[in-house]
Amino acid sequence: MRKTDSASDVPAAGATDGLGGTVALEVNSPVDAPIEAQKKEFVGRSPGQLAWLRLKRDRTAAISAITLVILGVIALLAPVIGKLRGMSATQPFTDKLNDYAMPLGYAGGMNSTHWLGLEPGNGRDILMQLVYGMRTSLLIAFASAIVASTIGVLIGVLAGYARGWLDSAINWVIDLTLAFPFLIFALAVIPIVEDRFFGARDAIPASFRVGLIIATFGMFSWTYTARLVRGQVIALREREFVEAARAAGAGTQHILFRQLLPNIWAPILVTLSLNVPAFITTEAALAFVNIGVIEPTPDLGRMIFNSIAFVASDPWYTLWPGMTIFILVLAFNLLGDSLRDALDPKSTR
Amino acid sequence: MVRFITRRVLVGVATIIAISIIVFGLFFAVPSSPAKVMCGKNCDPASIAAVETRLGLREPIVEQYTSFMKGVFVGRTYAPGTAFERQCDAPCLGYSFRNDEPVTAILKRTVPVTISIVVGAAILWLLIGVSLGMISALRRGTLFDKIAIGISLTGASMQVFFFGLILLYGLVYATGWLDFPSYTPFTENPLKWAQGLILPWVTLGFLNSAIYARLSRAQMLETLSEDYVRTARAKGLPLGRVYTKHALRAAITPIVTIAGLDIGASLGGTFITETIFGLRGLGKETVEAVNFLNLPIVVATVLLAAVFIVVANLIVDLLYAVIDPRVRLS
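Listed in order, the protein sequences are those of chains A and V. Every number in the numbering used here is 1256 more than the matching position in the first sequence, counting from 1. Every number in the numbering used here is 9 more than the matching position in the second sequence, counting from 1.
It is possible that some hints are incorrect.
Under 10 Å between C-beta atoms, here's a sample of chain V residues computed to sit facing chain A [stated by the list, open to error]:
| no. | residue |
| --- | --- |
| 1 | 33 |
| 2 | 35 |
| 3 | 95 |
| 4 | 96 |
| 5 | 175 |
| 6 | 317 |
| 7 | 319 |
| 8 | 324 |
| 9 | 325 |
| 10 | 327 |
Keep in mind that the hints were calculated from the coordinates and are not lab data. Built from N, CA and C at the ideal position, the CB exists for glycine as well.
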């Protein structure tokens, strides 16, 4: 996965070999440097810098990144927004609902106080719910992606480097995990584990459910990263630089984490970035069937679930959380795609 | 070939056994007391004990597992030698905690619904998705290609619950063009069957088409840049033959893999689609069972979903050997 600026690899023609006399341009050099190229400023760029340059030129990436930064800042500043608008996420405005618990006014009760209207039924401000819900979503998605990648990298490096029975054993565990119906299993395991720790009538702290969701996601989503890393490590472990390190007396730990890992960070980063939108969707899906984050913690998926009952009379209630999830996922997917293209110069898309 | 198949089948069986142990252990050992869940709120210790005896929950977990597996293959007798003795014929998956209905009867009722949803949607998404992807690969850079990419990008980031509700509002509530989805068995009235399921088919079909269009476009582009495609064209083979005979076969192989796995995974329960459209399939049944901690149903549906995935894997492996002759050598 090493990428080098095509120009920096080329031995500068006309350079001396130290013995006097000019060394001719190497015939089999990868790129025959045109004469003008040498006159240009010679800049050595690391693969990371090159990827960054490519990413900066990508307009889609820029737009998605800006969108995500704005949404991220809004989510982080949720309490501040609540203070500024003088309302909390769970505050019911039941006086602004009619007798059928539908918001008064047009388009789901949109007005200058409640920009996106009110929730039918309990009369909470939709914008505040969205802002806090986004925070929940992003927190769970990022934490799960980091947990999954960490487990995946550690296990993948271990399997790739270990060979023999350990490699086979890990491979079998990966196959087994992949055969698990993940969503259905996650759906089933969360309430059951919860029941173990809390009785039917105890109040379950919201943080416990959040932690449980992150743990479940992490437990079942490391396989892809692990496979990827394992493959890369197997390809790299026979290379000369690893042999050189070993000859120099480097320990296994040094070879694994200082020699091998820096060479495979690019695909790991791409997987991580594409995992985030996948987890946003999955978390919303769990909340959608009532196994996600529990009340009163706001959650986008649960908002959509609650809105099913009101689709016919107040479609706006479905639209806002739906659009928010859609924009988040789309922006993350586009950014992840651009990142992959930037890190892999061979990709055609 | 025979050895290849035997090995694959053995690995599949081993995987299912391993999963059954994990699922059973986790679901039956972890909750504080399955009998208490079943018995309800106002339950005295005596009736809990009775429930436990009746369901065989007093035995050690290992024995519970073996009698469960025995029940699946040869049938079992619950609580032998007590007043609660009852015979459960193979395949026996236990009884629902809620109303004592045999789990197999519940599966018989719900599985056809899910299969109907998945089969119809899969036909849609394979036809639309793959052909869209192939055409846009062949017309790379044209307006058609750009529109197709745009649609598939948006579709691939769209969620089933959002898109399904938009369709539900747009086609059912706002315009009244379609009826609210319902399930009629195919054998009863094929036309009504299709009419009632059209909305879930379109929802799942469109969203998956987007993913498959992206995938098949990328695959086709990669194949078209291969040397042998260039050779075939250089030999003077007509373009149509090059595409269908040489490129398509290679490009379709990975798509078959992914389609097989997707269909296998969906058969385990399309629970979001079923929840939106109020269809009582495997997914909705699981969701409800989970919310009531109705363990026998949960264990059965999770295991069934795992069996679907493993079988789909197996079929994909075999299909692979048919499509790609190189696999047979290994």
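These are the hints, each one checked on the structure:
no., hint, in the structure
1, 33, "12 Å, violated"
2, 35, "7 Å, holds"
3, 95, "26 Å, violated"
4, 96, "28 Å, violated"
5, 175, "7 Å, holds"
6, 317, "8 Å, holds"
7, 319, "5 Å, holds"
8, 324, "14 Å, violated"
9, 325, "12 Å, violated"
10, 327, "17 Å, violated"
When the structure is compared with the earlier hints, violations turn up for hints 1, 3, 4, 8, 9, 10 and for no others.
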